[in-house]
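> What follows is the residue order along each chain.
There are 2 protein chains.
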Amino acid sequence: MAASAGPEIERLISLLAKLPGLGPRSARRAALALLKRRDQLLNPLSEALADAAARVKTCGVCGSLDTQDPCAVCADPERDASLICVVEEVGALWAMERAGAFRGRYHVLGGLLSALDGVGPEALRIGPLVNRAADEKVREVILALPATVDGQTTAHYLAERLAGTGVAVTMLARGVPVGGELDWLDDGTIAQAMRARRPA
Amino acid sequence: MAASAGPEIERLISLLAKLPGLGPRSARRAALALLKRRDQLLNPLSEALADAAARVKTCGVCGSLDTQDPCAVCADPERDASLICVVEEVGALWAMERAGAFRGRYHVLGGLLSALDGVGPEALRIGPLVNRAADEKVREVILALPATVDGQTTAHYLAERLAGTGVAVTMLARGVPVGGELDWLDDGTIAQAMRARRPA
Numbered sequence: 001m002a003a004s005a006g007p008e009i010e011r012l013i014s015l016l017a018k019l020p021g022l023g024p025r026s027a028r029r030a031a032l033a034l035l036k037r038r039d040q041l042l043n044p045l046s047e048a049l050a051d052a053a054a055r056v057k058t059c060g061v062c063g064s065l066d067t068q069d070p071c072a073v074c075a076d077p078e079r080d081a082s083l084i085c086v087v088e089e090v091g092a093l094w095a096m097e098r099a100g101a102f103r104g105r106y107h108v109l110g111g112l113l114s115a116l117d118g119v120g121p122e123a124l125r126i127g128p129l130v131n132r133a134a135d136e137k138v139r140e141v142i143l144a145l146p147a148t149v150d151g152q153t154t155a156h157y158l159a160e161r162l163a164g165t166g167v168a169v170t171m172l173a174r175g176v177p178v179g180g181e182l183d184w185l186d187d188g189t190i191a192q193a194m195r196a197r198r199p200a
Numbered sequence: 001m002a003a004s005a006g007p008e009i010e011r012l013i014s015l016l017a018k019l020p021g022l023g024p025r026s027a028r029r030a031a032l033a034l035l036k037r038r039d040q041l042l043n044p045l046s047e048a049l050a051d052a053a054a055r056v057k058t059c060g061v062c063g064s065l066d067t068q069d070p071c072a073v074c075a076d077p078e079r080d081a082s083l084i085c086v087v088e089e090v091g092a093l094w095a096m097e098r099a100g101a102f103r104g105r106y107h108v109l110g111g112l113l114s115a116l117d118g119v120g121p122e123a124l125r126i127g128p129l130v131n132r133a134a135d136e137k138v139r140e141v142i143l144a145l146p147a148t149v150d151g152q153t154t155a156h157y158l159a160e161r162l163a164g165t166g167v168a169v170t171m172l173a174r175g176v177p178v179g180g181e182l183d184w185l186d187d188g189t190i191a192q193a194m195r196a197r198r199p200a
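Those protein sequences? They're chains A and B, same order as listed. Just so you know, we're using UniProt numbering here: the first sequence kicks off at 1 and counts up by one. Just so you know, we're using UniProt numbering here: the second sequence kicks off at 1 and counts up by one.
Simulated from the structure, these hints should not be mistaken for lab results. Keep in mind that the hints are not guaranteed to be accurate.
Unchecked claim - Capping the alpha-carbon separation at 27 Å, the derived lysine-lysine pairs in DSSO-like fashion look like this: (1) B:Lys57 to A:Lys36; (2) A:Lys36 to A:Lys18; (3) A:Lys18 to A:Lys57; (4) B:Lys57 to A:Lys18; (5) B:Lys18 to A:Lys18.
Chain A on its own, in the form it takes in the complex (with noise of 0.2 Å):
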């Protein structure tokens, strides 16, 4: 990529075009954009991830990632232990914390159920998550999943699995988003969004 720059650096472009977001191109603005500021970027980032490398690990209950285990939702007694919600991986959860409308606890599957790239119910954190939903406590399990096909695919197949805990299985609602535009909306999300109008 950049014949004179030397293997270090070129080692370092290689890694960071790897991370989601960074291209080739990407990437060599970053590592030069790193080795230009030291001291505010580079020596920090590199001790923030010997640091999360050393010190962050999977909930043993949920899934989540944390410094603690249980993770500090899971730990936290404010939170409604009789709501779960099952979303796909740790950036979801982030988004519903993020969203600040949820306050029960988390399940975190670790993907979803796919036929085109073979991923079955083995792959995922389901029985976890039946063995959590059979607890007496538990109420409701809220599928927090993608609206896509093997989104919808995965959520079926937990609310069959879950059906015999007697827990409430609940998804979603589905409609127009905050500021959409119904000229830029896609078909689908339009037709869902008059399917599931309600009164105003």
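Got chain A sorted already, so can you dock chain B onto it with the hints?
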């Protein structure tokens, strides 16, 4: 950003978000990717950063970055010492090297003159360039600066400063880029390509 993620992850995200090309949202995705792929990504990146911090330095001759000083280009006896290509930043030097169209030496200015940003000649490596150009071995200084207002202001200033040294001062050609469809080109480029037209 992610209330439940703990300060280590927060710090990692906020440092990643400072990289060019990564915003807060993609920095979160990058942090998750790192935490999920510790052995393939997180640990190697952490080491690569520490390595780069320890070993990469600025070349005392041309201002490029390398693990050796003078850098590999300045130290290479096969590179033509009579040609100096002036670039804004190391990123532009790397782009020139990838193009493989230049076998001389470089000079990294470290920025461009900018009235708006208050960058004057004293902030750039102009004195060292004039000194290098005064060496009798040097025949030509090629200004490979961006085709922007600041790039052209800097090019004119450098041409004046170098006038006394007797070297030829040239700049990159302007015209239609490879693959450039006229439909998508800006008017300025088309006008310059027309003015600089040549026999087919």
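> Evaluate each hint against the coordinates.
Going through the hints against the structure:
With a C-alpha separation of about 10 Å, the suggested pair Lys57 of chain B and Lys36 of chain A falls inside the 27 Å cut-off, and the hint holds. For the given pair, Lys36 of chain A sits about 21 Å from Lys18 of chain A by alpha-carbon distance, which is consistent with the 27 Å threshold. As the CA atoms of Lys18 of chain A and Lys57 of chain A are separated by approximately 22 Å, the hinted pair is consistent with the 27 Å bound. For a cut-off of 27 Å, the pair hint linking Lys57 of chain B to Lys18 of chain A stands: about 25 Å separates their Cα positions.
Distance hint between Lys18 of chain B and Lys18 of chain A is fulfilled; the C-alpha atoms sit about 17 Å from each other, no more than 27 Å.
Against the hints set out earlier in the document, no violation occurs for any number.
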